[in-house]
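Using the sequences and the hints given, assemble the complete structure.
Line by line, the protein sequences are chains A and B.
With the numbering used here applied, the first sequence closes on residue 225, and no number is skipped along the way.
With the numbering used here applied, the second sequence closes on residue 118, and no number is skipped along the way.
Some hints here could point you the wrong way.
As the list claims (entries may be wrong) - Looking from chain A toward chain B, a few residues come up when the C-beta cut is under 10 Å (computed):
no.: 1; residue: Q121
no.: 2; residue: Y148
no.: 3; residue: G155
no.: 4; residue: L160
no.: 5; residue: Y163
no.: 6; residue: G173
To be verified - Once the Cα atoms are required to be at most 27 Å apart in a straight line, the calculated DSS-like pairs of lysine-lysine come out as:
no.: 7; chain 1: A; residue 1: K159; chain 2: B; residue 2: K40
no.: 8; chain 1: A; residue 1: K124; chain 2: B; residue 2: K40
no.: 9; chain 1: A; residue 1: K159; chain 2: B; residue 2: K113
no.: 10; chain 1: B; residue 1: K40; chain 2: B; residue 2: K110
no.: 11; chain 1: B; residue 1: K70; chain 2: A; residue 2: K159
no.: 12; chain 1: B; residue 1: K70; chain 2: B; residue 2: K58
no.: 13; chain 1: A; residue 1: K172; chain 2: B; residue 2: K7
no.: 14; chain 1: A; residue 1: K172; chain 2: B; residue 2: K110
no.: 15; chain 1: A; residue 1: K159; chain 2: B; residue 2: K73
Unchecked claim - Reference listing, derived: stretches of chain A covered by chain B, where coverage requires no fewer than 3 residues with Cβ under 8 Å from a Cβ of chain B:
no.: 16; region: 202-212
no.: 17; region: 216-225
The set of hints was computed from the structure by calculation and includes no laboratory data.
All C-beta atoms, glycine included, are put in the ideal place defined by N, C-alpha and C.
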Amino acid sequence: NAGVTQTPKFRILKIGQSMTLQCTQDMNHNYMYWYRQDPGMGLKLIYYSVGAGITDKGEVPNGYNVSRSTTEDFPLRLELAAPSQTSVYFCASGRNQPQHFGDGTRLSIL
Amino acid sequence: DQQVKQNSPSLSVQEGRISILNCDYTNSMFDYFLWYKKYPAEGPTFLISISSIKDKNEDGRFTVFLNKSAKHLSLHIVPSQPGDSAVYFCAASAESSGAGSYQLTFGKGTKLSVIP
Numbered sequence: 116n117a118g119v120t121q122t123p124k125f126r127i128l129k130i131g132q133s134m135t136l137q138c139t140q141d142m143n144h145n146y147m148y149w150y151r152q153d154p155g156m157g158l159k160l161i162y163y164s165v166g167a168g169i170t171d172k173g174e175v176p177n178g179y180n181v182s183r184s185t186t187e188d189f190p191l192r193l194e195l196a197a198p199s200q201t202s203v204y205f206c207a208s209g210r211n212q213p214q215h216f217g218d219g220t221r222l223s224i225l
Numbered sequence: 003d004q005q006v007k008q009n010s011p012s013l014s015v016q017e018g019r020i021s022i023l024n025c026d027y028t029n030s031m032f033d034y035f036l037w038y039k040k041y042p043a044e045g046p047t048f049l050i051s052i053s054s055i056k057d058k059n060e061d062g063r064f065t066v067f068l069n070k071s072a073k074h075l076s077l078h079i080v081p082s083q084p085g086d087s088a089v090y091f092c093a094a095s096a097e098s099s100g101a102g103s104y105q106l107t108f109g110k111g112t113k114l115s116v117i118p
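Okay, structure coming up:
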């Protein structure tokens, strides 16, 4: 019972580098989400998707891009990493609101 | 401006007693509320939710109460167990507003410690 799987678990990037955070779910959920959590704060929505081929911006989308070519996968792309993007990133899925979360990717930009 | 506030960063409770976690909100458009539990190094886990058409929802040891006039909700855990020790997040959405219904606004969380 995999649920929501995120890779990698940890990553250190240099300023200006790019990377893709991977997220896969095996529950056939239409809705998928990307959140970031900064220390001592609640989760903030970056992007979400209501189905394959449909994505929309959340509260803090700047500096990120997403795609949803299949129901299972919802990768998050950082094009030009900045120190302000140091955070823990969570992917989630659900039948509407997020119900299942991955264990997170801890990303540091130095 | 924080629209969802969890004013207690931490709470300690004896095992077997009741834990009460509080959450206040300011946006009157919010009409659906959720509680999540989070252990260290793991993702949040959905616990329980409530719609604004109700004032109470129960699931086993967990009960959520909603006071719309006060813009306040609380999560009661009875009896508290050591395995309940975690950070609890309150979240809200404006379901009936359509476009924003999937955008949850989270509080900062309350760390619950249940002492054996």
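Keeping to a limit of 27 Å between CA atoms, is the pair of K159 of chain A and K40 of chain B held or broken? Status holds; Cα separation ~15 Å.
Going straight from one Cα to the other, do K172 of chain A and K110 of chain B come out at no more than 27 Å? holds, 22 Å
Is the shortest C-beta separation between Q121 of chain A and chain B less than 10 Å? holds, 8 Å
Go through the hint on G155 of chain A and say holds or violated, using the shortest Cβ distance to chain B against 10 Å. G155 of chain A check passes; min Cβ-Cβ to chain B is 6 Å, inside 10 Å.
Restraint satisfaction for L160 of chain A [CB to CB of chain B, less than 10 Å]: holds, 5 Å
Below or equal to 27 Å on CA atoms is what counts here, so check K40 of chain B against K110 of chain B. With Cα atoms ~12 Å apart, K40 of chain B and K110 of chain B stay inside 27 Å; holds.
Interface hint for Y163 of chain A, Cβ within 10 Å of any Cβ on chain B: holds, 5 Å
Given a cut of 10 Å on the nearest C-beta pair, is the interface hint for Y148 of chain A held or broken against chain B? holds, 8 Å
Is K70 of chain B close enough to K58 of chain B, meaning Cα to Cα at most 27 Å? Roughly 11 Å between the alpha carbons, so the hint for K70 of chain B and K58 of chain B holds.
Taking 27 Å as the top limit, are the C-alpha atoms of K70 of chain B and K159 of chain A close enough? holds, 24 Å
Taken at face value, is the distance from the CA of K40 of chain B to the CA of K124 of chain A at most 27 Å? Holds, because 17 Å separates the two Cα atoms, which is no more than 27 Å.
Taken at face value, is the distance from the CA of K7 of chain B to the CA of K172 of chain A at most 27 Å? Since the Cα atoms of K172 of chain A and K7 of chain B sit roughly 23 Å apart, the hinted pair holds (cutoff 27 Å).
The earlier numbered hints are all upheld by this structure, with none contradicted.
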